[in-house]
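Participant: Now for the letters of each chain:
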Amino acid sequence: MSQHDRTHHAKIATGKGDPQCFKGTAGPAKFKVGDRVRIKNLPDIFYTRCQVYTRGAIGEVAVVTHESPAPEDEAWGHVDQSEWFYIVRFKQKDLWPEYPANFANDTLQTEFSERWLESV
Amino acid sequence: MSNDHDHDHDHGHGHKPPAPMVEEISDFEALEIAVRELAIEKGLFTAEDHRRFTEFAEHIGPTPAARMVAKAWLDPEYKKLCLTDAIKASFAVGVDWLNPTGFGTPSDYTDLRVLEDTPTMHHVVVCTLCSCYPRPILGFQPEWYRTPNYRRRLVRWPRQVLAEFGLTLPPEVEVRVEDSNQKCRFIVMPVRPAGTEGWTEDQLTEIVTRDCLIGVALPKPGMTTNIPLPVHKPAKPAHH
Amino acid sequence: MTEAAKPGAARTEWTPVPLLEEIKEHGRVWEDLANQYGVTNPDPPWKTSLDGMCEALGTTSCSPAMAVEKRWLDGSIDRKDVGGAVPLPLLERRWEEDELSETLYQDVPFPERQLLALTHSLIKRGLVSEEDLAQRMKQVHARLTAE
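Here the protein sequences line up with chains A, B and C, keeping their order. Numbering of the first sequence is given in this note's numbering, commencing with residue 1 and proceeding in unit increments. Numbering of the second sequence is given in this note's numbering, commencing with residue 1 and proceeding in unit increments. Numbering of the third sequence is given in this note's numbering, commencing with residue 1 and proceeding in unit increments.
Among the hints, erroneous ones may be present.
What the hints assert, rightly or not - Which chain A residues face chain B? A few, computed with CB under 7 Å, are given here:
1. G17
2. D18
3. P19
4. F46
5. R49
6. T65
7. H66
8. Q81
9. W84
10. D106
11. T107
12. Q109
13. T110
14. E111
By construction, these hints were calculated from the structure, which means they are not laboratory data. Think of the CB as a built atom: it goes at the ideal place given N, C-alpha and C, for glycine as much as any other residue.
With the hints as constraints, model all of the structure from the sequences given.
Facilitator: Here it is as structure tokens:
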């Protein structure tokens with residue numbers, strides 16, 4: 001049984017794993033740990049893994065994770081262009097205005113490809 | 001990498017009576033076999049495919065992640081490795097993330113991150129987009145993990161959801177939600193609980209339940225099973 | 001991501017499959033059997049095989065293939081463009097399992113309900129027929145209980 005997902009992975013990721021197989025393909029990372037970033041509100045008419053609840057919010061880069069094609073491209077089978085990925089940390093109260101004030105320290109982390117981030 | 005723990009503690013203690021078995025073939029059991037045989041005959045998948053995935057499913061039943069945490073509690077060097085290269089650290093608990101396919105499983109990417117709790121910070125993991133989960137080291141997702149109820153609510157009302165699991169944390173403990181939405185996979189490394197001084201790795205492994213590794217429970221001496229969760233129906237279901 | 005709506009929006013009308021209704025009514029679920037025989041394993045012995053079957057039938061979890069499926073679910077591409085060789089795409093199966101779990105099979109415990117839903121999805125697509133299945137179940141019973 002042939003499946004494009006397995007074929008894609010078998011070709012490029014065997015013996016390395018994914019995302020390791022994309023290491024070194026994205027050039028220098030634009031952001032570093034501690035940078036403050038805003039999540040862009042890009043159109044997502046086809047496919048994205050960027051959650052709506054993070055759009056426009058400001059957070060801080062917590063981890064520079066790995067290089068990989070963005071899911072927006074990978075979903076279409078385009079794996080030639082890689083980007084850096086970042087785990088960004090937000091204060092919960094910056095995501096949800098009604099978040100209870102007595103839990104002001106609570107945070108949330110999630111991951112973005114570089115195209116979704118802009119410097120603040 | 002070899003696992004040199006002592007697993008032969010039952011040797012020399014005579015024969016135990018065999019564990020009880022269900023001695024009848026239920027309609028469900030027959031149905032599962034019948035569907036599978038017909039699917040294979042029709043070429044929907046091969047018997048080899050099926051065997052491989054089933055073996056994987058069985059292999060990952062108990063959680064090697066629990067042993068990883070227990071080892072890290074006992075060995076600061078190993079803990080450092082877990083926090084910097086969890087894929088490499090997985091070998092020590094018998095997990096090679098590239099198996100069984102040579103490039104990871106068909107669904108799992110191979111970038112594991114260990115989230116270290118502290119006395120003032122507690123992590124909990126969710127995948128709001130579907131149900132990303134570190135299967136090679138933690139097994140299959142519990143059913144509740146992929147319900148819209150958990151996925152939609154945890155990011156927004158984490159303390160409410162945790163309370164439904166029986167976990168109430170004081171305000172001075174920061175609750176950090178990790179929404180696993182890309183290729184990274186996560187497990188939580190809880191703080192080693194009081195009352196476990198002098199425990200062996202095997203003893204510690206027993207209390208690091210799956211729920212603790214997702215972050216909806218904290219390890220406690222004497223607690224070795226997960227909590228059954230009542231599943232709330234979403235008012236407005238999201239279809240993945 | 002925005003919440004993907006199933007094409008057609010309205011909830012599917014699920015037609016009961018007589019064979020599966022029969023199993024639903026009269027089949028003994030694992031909980032009963034385990035209690036009766038004093039077995040403590042929380043899952044029936046066929047559970048991992050069922051998981052293996054779901055894996056083998058579709059792609060799983062958050063993979064690029066699943067992304068293609070999502071584009072079908074939100075209406076941006078046709079069903080025929082979804083991963084050609086995947087007999088039962090994972091999201092499609094799950095979506096149906098979720099619906100069936102709240103309708104036809106709402107009183108059946110897990111994982112029996114997962115098995116009924118999977119079978120229902122396969123029958124609905126003509127990937128296996130109800131008649132073949134009834135026949136095969138009889139053979140399986142006979143084979144497994146042969147003296």
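Participant: Against the earlier hints, flag every one the structure doesn't satisfy and list their numbers going up.
Facilitator: 4, 8, 9
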